[in-house]
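Student: Take a look at the letters that make up each chain.
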Amino acid sequence: MDTIEVSNLNRQFLFRQCHVGQSKAKVAREAVLKFRPNINITAHHANVKNSEFNVDFFKQFNVVLNGLDNLDARRHVNRLCLAAGVPLVESGTTGFLGQVTVHVKGQTECYECQPKPTPKTYPVCTITSTPTKFVHCIVWAKDLLFAKLFGDRTQDNDLNVHSADATNSSKNNEDISVQRDDEDCEKYGKRIYDHVFGYNIDLALSNEETWKNRNKPKPIYIKDVLPEPGMHQNGTNNTLDITDKSSLSAMHSLGLMNPQDTWTLAENSKVFLEALSLFLKKREKDIGSLSFDKDDQLSVEFVTAAANVRAASFGIPMHSLFESKGIAGNIVHAIATTNAVIAGLIVIEAIKVLKNAANSFRMTYCVEHPLKKMLLMPVEPFEPNKSCYVCSEMPLTLEVNTHKTKLREIVEKIVKNKLGVNLPIIMHGSTLIFETGDDLEEDMVANYALNLEKALCDLPSPVTSGTVLTVEDFQQEFTCSINITHREEFDDEKEPEGMVLLGLTPDLYEKPSKVATTEESTSMAPQEKPATVSDSDDEIEIVVLEESNRFAGSKRKLVETSITNSHDPKGKDGINVANDVGKLDDGHDDEVVVMKACNEDVRKKAKLV
Amino acid sequence: MGKEELTAQETALYDRQIRIWGVDAQRRLSKSHILVAGMTGTIVEFCKNIVLAGIGSVVLLDDRLVTREALSVNFLVPNDEEKLKGRSLAEVCCNSLKDFNSMVHVSVEKGDLSALDGEILDKFDAVVIGRASFATKKTIDGICRKRSKKIAFFTVDCRDSCGEIFVDLQNYVYNQKKNDDNVECQFHYPSLEEAVAVPWNRLPKNVTKLYFAMRVIERFEAAEGRIPGETTAADISSVQQLRGELCKANSINESRIPDELLKRLLEGTREHPPVCAIVGGILGQEVIKALSGKGNPLKNFFFFDAKDGKGIIEDISSL
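As given, the protein sequences belong to chains A and B, one line each in that order.
When we follow the numbering used here, the leftmost residue of the first sequence carries the number 14, and every step to the right adds one.
When we follow the numbering used here, the leftmost residue of the second sequence carries the number 28, and every step to the right adds one.
Treat the hints with care, as some may be off.
[As the list claims (entries may be wrong)] Within a straight-line C-alpha distance of at most 27 Å, the following computed BS3-like cross-link-like pairs (lysine-lysine) qualify:
| no. | chain 1 | residue 1 | chain 2 | residue 2 |
| --- | --- | --- | --- | --- |
| 1 | A | K129 | A | K62 |
| 2 | A | K385 | B | K112 |
| 3 | A | K47 | B | K112 |
| 4 | B | K232 | A | K386 |
| 5 | A | K146 | A | K37 |
| 6 | A | K37 | B | K125 |
| 7 | A | K386 | B | K326 |
| 8 | A | K72 | A | K118 |
| 9 | A | K47 | B | K125 |
| 10 | B | K290 | B | K165 |
| 11 | A | K385 | B | K125 |
| 12 | A | K39 | B | K125 |
| 13 | A | K368 | B | K290 |
| 14 | A | K47 | A | K37 |
| 15 | B | K110 | A | K146 |
| 16 | A | K385 | B | K205 |
| 17 | A | K385 | B | K110 |
| 18 | A | K298 | A | K203 |
| 19 | B | K205 | A | K146 |
| 20 | B | K321 | A | K386 |
| 21 | B | K110 | A | K39 |
| 22 | B | K58 | A | K386 |
| 23 | A | K419 | A | K507 |
| 24 | B | K321 | A | K385 |
Hints in this document: simulated from the structure, not taken from any laboratory.
Note that the structure is predicted; figures quoted are calculated from it, not measured.
Only chain B is shown next, with the shape it has when bound in the complex:
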């Protein structure tokens, strides 16, 4: 990292945030490159946040066409039929996102997320995945962990008025301020695969029910070969059955995963905009921390439920 100073334009634009994390962190941010897959409402909020913050570049991946639903949760999609004709979500969002900060390079990558290999991923310092199948997420996380370059991995998913963030920073070393000293701390993050494999009865008793509920839905979608998010109220009985099997296998009581919560997640597949803002904000902050190297990173799950209003961090690891 050279000793180049920020330009006058950067200093003026980023003044208020430089006062939080300093010039060095800002510089590191401006040299960082991110891949973002799946332009959900939450992901769009996240993109807005990191573009405003002055990330180096963002590559968007989502070949899906724009739908009515997208219009209702995605503020990057303009309300203009002409502009949307024949263009993918990624293309439309890319156009809008560029406007937010001319110093950030925003572009589109076409194709399937699951088809990406290590060489392509090496271009990035972080990969952030919106809704995707568990298999895909697991695969990408696995590739990231195998590269010699450190690639941070994040997933985010919001359903009904709930949201979940997963963070994998592999072996993360950072400086923490303890009293007046700078202490070097190290976090060992489990992979996504490792984390969800931790037997449920080994987790602390107060782990939020949302964690378990999301795992049940995840398994259900995988077992049924569903596109992520394509569930309905009618699925409840199958899901309850799956819940029973999983709880038995993990030796916990079924009552830890209430029917009411499962129903909400099955029915509420469309995101709720204020929840997108909240979860997209937390995710944005985590990615900024990881890429700038400044600030205590979250380990390793974050949950939010507007129903009780709590934003909770859960450490799901086998330690």
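Extracted from the complex, chain A is given alone in its bound form:
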């Protein structure tokens, strides 16, 4: 359902400048037909999670090739391919790294047999009170400040917007983010600035306990940063009637032309005020409904400036607009070359699937620095994970406070986020406690809405320790059972969600993994806070080992050493493609490369695009 963007053009070569804004599926189809006219391509400009793409739809195909950019959609397709019994070739790239994997029901692991890390979240207090890294400042600027000022005002927001100013007792409960009637943009901007960077910090400092073992932040007031009156005056663009909103830019009107420069505190402050002013003056219609968009220049400038001032306050190094945009927008770096390599590998695996060459399926990893002389490393697929809750229907356990936790939290955090279910149906025994769908009757919908707001133990069919819940998704043909175990306390820092899902991963994966990347901003529901952001210094680490006896658990088929050299039938184009294992273990020059899945020595943090 994606449309073409300028930044796609450095690698998505079926598209041209003139196609920006058009449907990727449609344009890709036309481009391919130009050099290969007589093939049958159907383009669907739609979300793959739509109900029309059900099991019957998938059953039409001999193989499915994924080129998705988010975990959610991949898991969804994985389940549909399992349900339809259609082999799936998955893939992903990040910069110089990439991989291609093959998933065949019953024969290999499914895409979810080895759990993929869900996007990273940060504890609320780190974002609101005790940031230590620049990314925390970005999340604050994007999901709290930006959301508060320009987004839906009715949403819950952790930003403190109240002033307990004794001199203004009548305005005690005033929401400072609302512009006063008599206030002009400049005054409003300064007031916001002083409140979030000055007053709120002073307020936080008054709680000594917080800062016992931490560096104290410094409050920043506009008069200290921009002492000269008129220093914050608007830039040159002011009087022009700018109808093209995408070219609206605070930094440019201030003469800051290079997105790679790291601005000074004063410059950041000017950008902050100027951007705020431009939003109010030129984009009033957007205010109240805006969500952060990495391709919205003014939004990126505002978030960069705000994050930088906060960073300065907390002694965290400031960053350029270019860097900030990457973090705030979860931008994944990408080039044509790696994509071409992976694309070629995908086709090779697809051909194997179509030829039913089961023994020759490979998972192939493309690395930046050669491992044992190899830049491209093929590995045999593993057998299905018997503990996989998706393809082996293994039950899970959820530790949660059943007295305090609402059903809504289970649905959002566990069912949709962790389990990747799209249209959940939750049952307690034979009682439906929650469903989604367009065809539900009104009273049912109302009933479920009520259920969502109840604590688990207060549900009509009470959920307590020992209860087994069943979660299903008909479209994905997914079913899973969750054993509920009551627990009173959870650690705010280590278990910020207030619940723990077990059995989802083998024990060693429970260490928090530092990965989050999706090109689109990740899929947390608006009330989730804080949202996800990428940590830009993550990398793939793949450790390759050769001793097969160190595998814990899963039996794996190793390559046979005998030479099988059956006749290779020529394809239509006269091309010989091996459809047999052939010589893979030749003693000296062909060592079997084997990857450990479930052993404490392996650290595999994979970034998927």
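Start from chain A and add chain B according to the hints.
Tutor: Showing chain B alone in chain A's frame:
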């Protein structure tokens, strides 16, 4: 190199790759000029990659007319008889390639690769040769190495489901990140002639059989005066004989170069499109690294075989 910044257009288009290699590398790339000879399927993939990446200019050299085979492996050749009439492969590809990135200058050079002299080659920062005779490749590499200007030299050849890349960066100095420091490293690349002359018994025992097989085919084509790539299954007995002679001269066992592999390479002279993409991708990355000065360069051969799926680097030098 001036301190000019990238234009807004460049910043927008190259955003995702600037996040990998930075603005300076991108700038160097945009000032680089490449000569590409022999428009094979793999070369076309390579050209696509460097044009998208924002190379300064590309000159294409291939006077051959378009054939049916070209249509099946070359996605730059439009399926339109009218557009192809009387035009060379280079001309047709040039037209299509221009579309990929308006900021890259793409043009055609007519004539024979082997006729190029040092003065012409001086215009380029890198020369990339698709399938050509060993003699020609050796000559061009030799000229590149003699120029006072540093000209990087690459060859690439794909047959059946295999591919081979050769890299010659002469004396290459670059900065490598070791732990937190920047260490200056230097690679000494052998010329093509020097590399293939390294006695086979002096090479590590685990060097891929594909290296040797390609050398046997190469010698065979040279000895028979064949146009590169014009071999058939019927050649196998002559090739086996040549293999025997070469292995004896190099003191290695003939079994290191299996019949099955030789047969595949002799018969499969048409390229396999996914292999073109893979090898063209790796080659693209190597050329970008060499021209931008960023990233550890590959030394000095790369091999891929779809049959086992491995992409292997071999260091064939006399050290």
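Student: Quickly compare the C-alpha distance for B/K205 and A/K146 to 27 Å and report which way the hint goes.
Tutor: 25 Å, holds
Student: Between the alpha carbons of A/K385 and B/K125, is the straight-line distance 27 Å or under?
Tutor: 39 Å, violated
Student: Does the structure keep A/K37 and B/K125 at a Cα separation of 27 Å or less?
Tutor: With a Cα-Cα distance of about 21 Å, the restraint between A/K37 and B/K125 holds, given a limit of 27 Å.
Student: Are the Cα atoms of A/K39 and B/K125 separated by 27 Å or less?
Tutor: 22 Å, holds
Student: Taking 27 Å as the top limit, are the C-alpha atoms of B/K110 and A/K146 close enough?
Tutor: Distance of about 58 Å is beyond 27 Å: violated.
Student: Keeping to a limit of 27 Å between CA atoms, is the pair of A/K72 and A/K118 held or broken?
Tutor: Answer holds: A/K72 to A/K118 is near 13 Å, not above 27 Å.
Student: For a C-alpha distance cap of 27 Å, please report whether B/K110 and A/K39 respect it.
Tutor: 25 Å, holds
Student: Just to be careful, I want the Cα atoms of A/K386 and B/K326 compared with a cutoff of 27 Å; is the pair within it?
Tutor: Roughly 10 Å between the alpha carbons, so the hint for A/K386 and B/K326 holds.
Student: Between A/K385 and B/K112, does the CA-CA distance stay at or below 27 Å?
Tutor: 49 Å, violated
Student: Given the hint that B/K232 pairs with A/K386, does the C-alpha gap stay at or below 27 Å?
Tutor: 13 Å, holds
Student: Is A/K368 close enough to B/K290, meaning Cα to Cα at most 27 Å?
Tutor: It holds: about 22 Å lies between the C-alpha atoms, which stays within 27 Å.
Student: Does B/K165 lie within 27 Å of B/K290 when you go C-alpha to C-alpha?
Tutor: 26 Å, holds
In this structure, the earlier hints numbered 2, 5, 11, 15, 17 and 22 are contradicted, and the remaining ones agree with it.
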